[in-house]
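J.: If you want the building blocks of each chain, they are given just below.
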Amino acid sequence: MGSSTLSIGFFFAFMALTLGITYWAARRTRTTEHFFAAGGQVTPWQNGWALAGDFLSAAALLGIAGIVTSNGFDGMVYSIGWLVGWPIILFLIVEPLRNVGRFTFADVVAYRLRQRPVRLAGAVGTLAVILFYLIAQMVATGSLIKLLFGLPYTWSVVVVGSVMLVYVLFGGMLATTWVQVVKAALLMGGGILLAFLVLTHFDMNPLKLFAAASEKYGTKVLQPGSKVVSGQWDAISLGLGLMFGTAAMPHVLMRAYTVKDAKAARLSILYATGLIGVFHLMVFIIGFGAMVLVGADAVAKAGGGGNMAAPLLALTVGGNAFFGFICAVAFATMLAVVAGLTLSGVATLCHDVWTNVIRNGAASEAEQLKVARVATVLISIFAIMLGIAFEGQNVAFMAGLAFSIACAANFPSLVLSITWRRFTTPAAVASILVGTLSSLVLIYLSPTIQVDILGKQLAAIEHQWWFVSLRNPAIISMPLSFAVAILLSLVTREKNANLAFDEMQRRILLGPVQPTTSEPAEAKSAA
Amino acid sequence: MNLVIPGNADPASRGVALARKLAKTRLTVALVLSVAMIVIYFGFMALFAFDKPLLGTILMPGLSLCIVLGPLVIISSFALCLIYVLWANRVLDAGIRDLR
Numbered sequence: 001m002g003s004s005t006l007s008i009g010f011f012f013a014f015m016a017l018t019l020g021i022t023y024w025a026a027r028r029t030r031t032t033e034h035f036f037a038a039g040g041q042v043t044p045w046q047n048g049w050a051l052a053g054d055f056l057s058a059a060a061l062l063g064i065a066g067i068v069t070s071n072g073f074d075g076m077v078y079s080i081g082w083l084v085g086w087p088i089i090l091f092l093i094v095e096p097l098r099n100v101g102r103f104t105f106a107d108v109v110a111y112r113l114r115q116r117p118v119r120l121a122g123a124v125g126t127l128a129v130i131l132f133y134l135i136a137q138m139v140a141t142g143s144l145i146k147l148l149f150g151l152p153y154t155w156s157v158v159v160v161g162s163v164m165l166v167y168v169l170f171g172g173m174l175a176t177t178w179v180q181v182v183k184a185a186l187l188m189g190g191g192i193l194l195a196f197l198v199l200t201h202f203d204m205n206p207l208k209l210f211a212a213a214s215e216k217y218g219t220k221v222l223q224p225g226s227k228v229v230s231g232q233w234d235a236i237s238l239g240l241g242l243m244f245g246t247a248a249m250p251h252v253l254m255r256a257y258t259v260k261d262a263k264a265a266r267l268s269i270l271y272a273t274g275l276i277g278v279f280h281l282m283v284f285i286i287g288f289g290a291m292v293l294v295g296a297d298a299v300a301k302a303g304g305g306g307n308m309a310a311p312l313l314a315l316t317v318g319g320n321a322f323f324g325f326i327c328a329v330a331f332a333t334m335l336a337v338v339a340g341l342t343l344s345g346v347a348t349l350c351h352d353v354w355t356n357v358i359r360n361g362a363a364s365e366a367e368q369l370k371v372a373r374v375a376t377v378l379i380s381i382f383a384i385m386l387g388i389a390f391e392g393q394n395v396a397f398m399a400g401l402a403f404s405i406a407c408a409a410n411f412p413s414l415v416l417s418i419t420w421r422r423f424t425t426p427a428a429v430a431s432i433l434v435g436t437l438s439s440l441v442l443i444y445l446s447p448t449i450q451v452d453i454l455g456k457q458l459a460a461i462e463h464q465w466w467f468v469s470l471r472n473p474a475i476i477s478m479p480l481s482f483a484v485a486i487l488l489s490l491v492t493r494e495k496n497a498n499l500a501f502d503e504m505q506r507r508i509l510l511g512p513v514q515p516t517t518s519e520p521a522e523a524k525s526a527a
Numbered sequence: 001m002n003l004v005i006p007g008n009a010d011p012a013s014r015g016v017a018l019a020r021k022l023a024k025t026r027l028t029v030a031l032v033l034s035v036a037m038i039v040i041y042f043g044f045m046a047l048f049a050f051d052k053p054l055l056g057t058i059l060m061p062g063l064s065l066c067i068v069l070g071p072l073v074i075i076s077s078f079a080l081c082l083i084y085v086l087w088a089n090r091v092l093d094a095g096i097r098d099l100r
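Chain order of the listed sequences is A and B.
Heads up: the first sequence is residues 1 to 527, going by the working numbering.
Heads up: the second sequence is residues 1 to 100, going by the working numbering.
It should be emphasised that the hints constitute simulated quantities derived from the structure, not laboratory data.
Computed, partial: chain A to chain B, Cβ under 7 angstroms:
| no. | residue |
| --- | --- |
| 1 | PHE210 |
| 2 | GLN223 |
| 3 | THR273 |
Don't be surprised by glycine CBs; every beta carbon is placed ideally from N, CA and C.
Bound conformation, chain A alone (with noise of 0.2 angstroms):
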């Protein structure tokens, strides 16, 4: 297929680049600041597009137009619900995050509580949201460079695998930022190439182009349906942990800490959230251009679930040379994001688990970076073999779960140890390991689970006393999250938490006051 040799050509121009970034930036990366914060050198414009280039993945380009293209507006509802948390990140987050933080979210929450147990927990919360978002991730990588390149599944998995491992092995924060941007900056850049292709074939009109699908497929294309978000409060579920579990995502999150301060921060979440609410509206015109100019019907026998509508749209409008492209674009995408997932989870592992638990603060620069290597080899090797598991598997569920929990057990107790002077240590730990829990059993008890693998009849289970009817868990979850944080909060006491809300209050608004003094330290004397 002359298209396939056009795109791996694609493929291996973005590769050449990026691992020349890797090789520059490797040379660069000496400390853990730098290792996991790009040194706080990244400018805001860089992190908004690094931003983007983290958080678009393959789903935001290839799904959500697989899904416009066979059922119309509501594939918008997902375009939607991964936008509206990025406002509540920067209202709420980023600003505390950067100037309280250093490597991750756990040090916000740990920052006037007890380190070990709640970095502890902050890690069972970090990590199961990044296992599952991988295995999502990586499962969905495998089968789709197998329908976009023909290469075997097992390869694909392996492929991924190694190469996020180079980029974040070598380069750290900074190769992958640069990674992301160049992703992003491709698939801004094909996105909209697409959407303005098939606008010419409507007038430049979009009204046209969506006046032609319901012409052909009926009005009901251009309506709510049931089909992709089914249940009335499913719905309101699926958008709380959409909105809320964007904005405690920790590879997003971990990005406040790549640039110089809060108001550069501040600017590089308004930045990304203008990118990707302009992706999102070219999906929308591309999802719509599927169906019309290559049909719905066409789409679906090209199988991958409906993944090819953008490739195959790209063929259409713009040739083999474009579908190469598309195609190269995609598996960029996929690299991109799982090395961001990948390096939060070293940053979890390394700066929480291994310095602030095992050592208890006291380990030196060379020993951190040392762990923060075998960290990424570790969830690198893990996350190949675990793409190579579930091949074939349903893993769709995995992605959402990475959200719910985000959303559960993340979101109540960050906000809260922003927020509120009577958050203690237990509500933390207990929050965040109810967010976590109850996400888990919620969607095992969940027709996700029961029905879809385990290949249930819905009948024959509906009526049992555990069944849960909601897909997605957040509604529960998350109110039950914060409700323990709080019912904890109010029956113990913690002078020092309590004492060290005003400092904390004034370091969100000044940053550290002298960077060099580690946080356990500078929390005491506060108190």
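Model the placement of chain B on the given structure of chain A, informed by the hints.
T.: This is chain B only, laid out in the frame that chain A set:
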């Protein structure tokens, strides 16, 4: 970076009071904007969940109410971010400079 303002009668407590006031203002603005975003988004999702016929109203050929409101939610997310950033760059940053 130093909080102590030389020549002031009780510099430390003045700094603390100023910081507390500014922190409170910031939190109020942040909460108001967050609530605005939550109301906009869950207002839209409530229509999506509980009143699909209304959201599916066809306004003209090629345009339904949800295709107007969906992009509006996206645009309002960015608009709210812009409002916060403009406020923070002007008011919050000035307050922080005074604190220092």
